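Q: Go by the hints and put chain E onto chain D.
In order, the protein sequences belong to chains D and E.
When you line the first sequence up against our numbering, it's residues 364 to 641, in that order.
When you line the second sequence up against our numbering, it's residues 21 to 307, in that order.
Worth flagging that the hints you see were computed from the coordinates, not collected in a lab.
All figures in this text were calculated on a predicted structure; none of them were measured in a lab.
Mixed in with the good hints there might be a few duds.
[Unchecked claim] DSSO-like mimics (lysine-lysine), calculated; alpha carbons at most 27 Å apart, straight line:
#, chain 1, residue 1, chain 2, residue 2
1, D, LYS513, E, LYS155
2, D, LYS613, E, LYS250
3, D, LYS605, E, LYS280
4, E, LYS93, E, LYS79
5, E, LYS163, D, LYS513
6, E, LYS79, D, LYS420
7, D, LYS476, D, LYS515
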Amino acid sequence: MIISVASGKGGTGKTTVATNLALSIKNIQFIDCDVEEPNANIFFKAEINNSENVSVKIPEIDKEKCDYCGKCSEFCAYNALAVVTSNVLIFPELCHSCGGCELVCPNDAINWKERLIGKVEHGRTKRIDFYQGLLNVGEMQAIPVIKNLKKKVDKSKNVIIDVPPGTSCPVIESISGSDYCILVTEPTPFGLHDLKLAVEVVRHLNIPFGVVINRDGIGNNKVELYCQNENIPIILKIPERKKIAYLYSKGIAIVSESLEWHEMFGLVFNQIQEVVNK
Amino acid sequence: MKQLTIISGKGGTGKTSITAAFASLAENAVFADCDVDAADLHLIFKPNIKKTMDFHGLKIASVNKEMCTECKKCYEHCRFDAIDGDINIIKESCEGCGVCEHVCPVNAITMINRDSGVSYISETRFGPMAHAMLKTAEEASGKLVTVVRNNVKTLAEEKKKDMILIDGPPGIGCPVIASISGVDLVLIVTEPTLSAIHDLERILGVAYHFKIPAVVCINKFDINLDNTKKIEQYCKSNNINIVGKLPYDNIVTDAMIHEKTVVEYSKGDFYNEIIKMWDKVNGRLKE
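The following block holds chain D by itself, in its conformation from the complex (with noise of 0.2 Å):
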């Protein structure tokens, strides 16, 4: 089974409830597919022992070979190809490796080199298998890290998945393939206008959700009601307090402080089974 845990606005605290769950439940892989910024393993501490390479192809002009016809940067859709004089300019962050220039190149100038772009990180604790994607600071696409963590994905695992903030590709990218999604959300103007962005990318991509309100108590109840009349089940929430505030800053999760607490993440997987069993 894979839950995914997303939220329209940052912060509200999907990390918090991806890894409060994974940690109070069984058979475990946890994947990070916030590449941008992964904090989850802050929380798990696993020592990274294995990591891989994310590279992306991009061309590479064969200069005997082009005559700077330049019907590849006619063809190029993203702008990634400016053919001068005689001069071919390559802009590597914005290829996309369609493989369209290749095709429209008459004199077969086109080669393919790797780019290096990012890294997929795995890890091993004493519960949880875990695998991260880090995007390299300064590139710009982190699809195609998500792609290559989604391929670790193993479904005879409870397989959990920290989604990226927003409702673009990405958050796609990462949600696309779960059985049941969390969205996590907080009881403010803010949180709850985000909500409503994040429950139509996952009623768009047709996958049974819930919601979670973190920090309760600080806001209104706009987002309970919102939820009553939209039909959302709340399957948690989980009060303000300075103590999990404080835990968090701390990077310890807070079912490993707290019985109870484990005991409330483990029937909030129940209830999530139920539905997906369905």
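A: Chain E only, in chain D's frame:
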């Protein structure tokens, strides 16, 4: 004209609340919300939308099934797994490259515009604003950010404003890079949690990579004073100025609920800290 972008790496550290507070203090500025994925600034600004423009991101392939001979050339050439075995286009995966259109021997595929979102020009109680909304599940948020940046620049020139204040998105990827490219200063909002510190180091790396000067604000500095110290030491050893330390205060949420900026909402300690920070940021921009 000076441009300032407020970013954070990690989401939810208080970018938008601080941008809004600054808007209350700025005298001759225009504003942009470059978090086009999950824009929130308009919830406080209550913009009066003057102009709405369609945004077409990348194109999308469209198959004419009557012409298609199911030769599968497109399926074989697509690098994005965006065409299935029955020659249906998978909307979420198509990146609009046009390879399928090119390889189709019977011209059954055309690349068409996709409605990826809208951009807006608005009037607010603080001044003119450019913002946008990316449709959910769409690509090209970086491209839409660039549209917003261009819109706000035109606005600033037309209205003879001397400052552009930009609310940025979380992360370090494409939309973030589009939000900070060419600005005079970035203000990075962090908090004293190990996660935020980790993310701060990465976003500072991005600013450094693109040679954009950066200053830091520690929000909720009092939730973990040891970590606050760590951030201060880190910034000191990297020669980065900390322009503000804001206490944890529920007035931030209360102001949001009342659709006001914290500057409009309350004149307490938090307000005083914001004023000090605003002065420091302005001083830095004038350097």
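Q: Hints first: check each against the structure and report whether it holds.
A: Going down the list of hints, with the structure as the test:
no., hint, verdict
1, LYS513/D x LYS155/E, "holds, 24 Å"
2, LYS613/D x LYS250/E, "holds, 12 Å"
3, LYS605/D x LYS280/E, "holds, 25 Å"
4, LYS93/E x LYS79/E, "holds, 20 Å"
5, LYS163/E x LYS513/D, "holds, 26 Å"
6, LYS79/E x LYS420/D, "holds, 22 Å"
7, LYS476/D x LYS515/D, "holds, 25 Å"
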